[in-house]
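Asker: Protein chains in written order, with this note's numbering: chain D, 1 to 192; chain G, 1001 to 1240.
Honestly, I wouldn't trust all of these hints.
Capping the alpha-carbon separation at 25 Å, the derived lysine-lysine pairs in BS3-like fashion look like this [what the hints assert, rightly or not]:
1. G:LYS1098 to G:LYS1077
2. G:LYS1020 to D:LYS174
3. D:LYS186 to G:LYS1209
4. D:LYS21 to G:LYS1118
5. G:LYS1077 to G:LYS1118
6. G:LYS1209 to D:LYS52
7. D:LYS56 to G:LYS1024
Calculated directly from the structure, the hints in this document are not laboratory data.
Please read all numbers here as calculations on a predicted model, not as lab measurements.
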Amino acid sequence: MDSKISVPLDGEKISINSNLKLDVPNNPIIPYICGDGIGSDITPAMQAVVDKAIIKAYGNNKKIAWMEVFAGEKATAIYGEGVYLPDETIDALKSFVVSIKGPLATPVGGGIRSLNVALRQSLDLYVCLRPIRYYQGVPSPVKNPQNVNMVIFRENTEDIYAGIEYAASSDKAKKIIGLLDEFGDKNKIRFP
Amino acid sequence: MNLVIKIKYAFPNSAAIGIKPVSKEGSQRLIRKAIEYAIDNNRKSVTLVHKGNIMKFTEGGFKEWGYEIAKKEFNAKVNDLGFYEIPTSQKIDAINKKIVIKDMITDAFLQEVLLNPKDHDVVATLNLNGDYASDALAAQVGGIGISPGANMSDGASIFEATHGTAPNIAGKNIANPSSLILSAQMMLEYIGWTEASYVISGAFEKTLKENKITSDLASQISGCEALSTSDFATEIIANM
Chain D
1 MDSKISVPLD GEKISINSNL KLDVPNNPII PYICGDGIGS DITPAMQAVV DKAIIKAYGN
61 NKKIAWMEVF AGEKATAIYG EGVYLPDETI DALKSFVVSI KGPLATPVGG GIRSLNVALR
121 QSLDLYVCLR PIRYYQGVPS PVKNPQNVNM VIFRENTEDI YAGIEYAASS DKAKKIIGLL
181 DEFGDKNKIR FP
Chain G
1001 MNLVIKIKYA FPNSAAIGIK PVSKEGSQRL IRKAIEYAID NNRKSVTLVH KGNIMKFTEG
1061 GFKEWGYEIA KKEFNAKVND LGFYEIPTSQ KIDAINKKIV IKDMITDAFL QEVLLNPKDH
1121 DVVATLNLNG DYASDALAAQ VGGIGISPGA NMSDGASIFE ATHGTAPNIA GKNIANPSSL
1181 ILSAQMMLEY IGWTEASYVI SGAFEKTLKE NKITSDLASQ ISGCEALSTS DFATEIIANM
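Using the sequences provided together with the hints, build the complete structure.
Answerer: Rendered as structure tokens:
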């Protein structure tokens, strides 16, 4: 199938060098996923702010070459029914290194649990980074919200989120319980 | 799963079962990133948040492997007060001479961030704890809908809005774009375009201070008139 992504001619790729650091050209191509719902409202607003900030900081010496890639509803309209996360989107996110995305809805029905989870798994995005700080003017429920200035690194691939879970009374759950019985741990399960 | 009460009777065949894999490699690559970030960004401490008092091998492992990597790869040593510290002297522009590595049980951490939030800086934690903690902290600063985020690996990184798709207001030009704008600001910092990143954070702060904001927040402030999505962006640009 022909590519639906048009690579900007006035941009260059960001790459990762041998020290695992980024090599960033002055005109990096940055893929963006518009996102579902309000994604098409907020994405142009974000791009306008970013483009202007870059001009403010560097004049015409630096500029982002935005490249739209598709996921969610928009992808199904372009690639066909059920294609929420096209392979070439994943390839582009991987090969252009740094990208940005709006919110994605979880498809109703079908095999995909969540597009965000699928992205995390296929790109091995093991860090979920969430800086938390207060901005004056924002209504907050606490007395001194300005005292919060934290950066949370949340592990993103393991723990009970790995998706190894078996329904009550399912064959697999019963097999695991059988194994616990062998270990002598079955009695730790309290309720029927 | 974690009940350890020994009982004589059990009817376990109908229990649902969930498995919690936590590996040394998986924990250490996350904690390594957190420590590197703390060093690069002149932060004061890294708190390992875990529930190792109950889940000794999974969450307890996370803590142990965290201290292990701090010692092995970052030369952490115990100070007079019994805390592990990483020297930052090899870094030319280091503001803090040491970065403290500490740990805290998750429930105590969730109390502490309300009572003594200044005691915590960079936080490294497991998936479920991190899910709870990041949303609780976002609410604490009024940040639901404006907090930025990123998902990162050793290769690709995706910066992203942390909120949902809000289909009921989609296409109306009233949604708050702050989460995505602040994520873009993080992205600029990540690619080393620090000056442009500062331009955004400064203009964003100024715009919010003037109570120029979209309806989600304006409706919580008396006498505050809501801006549209695009007008809010225009206002940020005007404040650069």
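Asker: Of the numbered hints stated earlier in the document, which are not met by this structure?
Answerer: The structure breaks hints 3, 4 and 7; every other hint is satisfied.
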